[in-house]
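In the numbering used here, the protein residues as written are 3 to 70.
One should not assume that every hint holds.
Distance windows between CB atoms, simulated [stated by the list, open to error]:
{"no.": "1", "residue 1": "G3", "residue 2": "K55", "range": "29 to 39 Å"}
{"no.": "2", "residue 1": "E57", "residue 2": "N18", "range": "18 to 28 Å"}
{"no.": "3", "residue 1": "Q56", "residue 2": "E5", "range": "30 to 40 Å"}
{"no.": "4", "residue 1": "G3", "residue 2": "E57", "range": "28 to 38 Å"}
{"no.": "5", "residue 1": "L4", "residue 2": "P63", "range": "26 to 36 Å"}
{"no.": "6", "residue 1": "G7", "residue 2": "K60", "range": "17 to 27 Å"}
Source of the hints: derived by calculation from the structure; they are not laboratory data.
Here a beta-carbon is modelled for each residue, glycine too, at the ideal position from N, C-alpha and C.
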Amino acid sequence: GLERGLQEGERLVVENLLRVRFGELDPEIQAIISRILQLSPEEFTPLLLQYSKQELLKRFPPEKSREN
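Model the full assembly from the supplied sequences, consistent with the hints where possible.
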């Protein structure tokens, strides 16, 4: 209930910040949103405001690239 609502609210905040910064949510960025949301808002907000797209992709590598 409430927990799920908070998570959806955080997802909206993250998506909106990324959209404002990069103009659109391309598939690369969409793929890392769930990873970003594993951090607290206090942790992810400065990253989203300061990191370039490349830095975010490096900080949160997509799950697929981790296969050995």
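- Task: Against the earlier hints, flag every one the structure doesn't satisfy and list their numbers going up.
- Result: Hint 6 alone not satisfied by this model.
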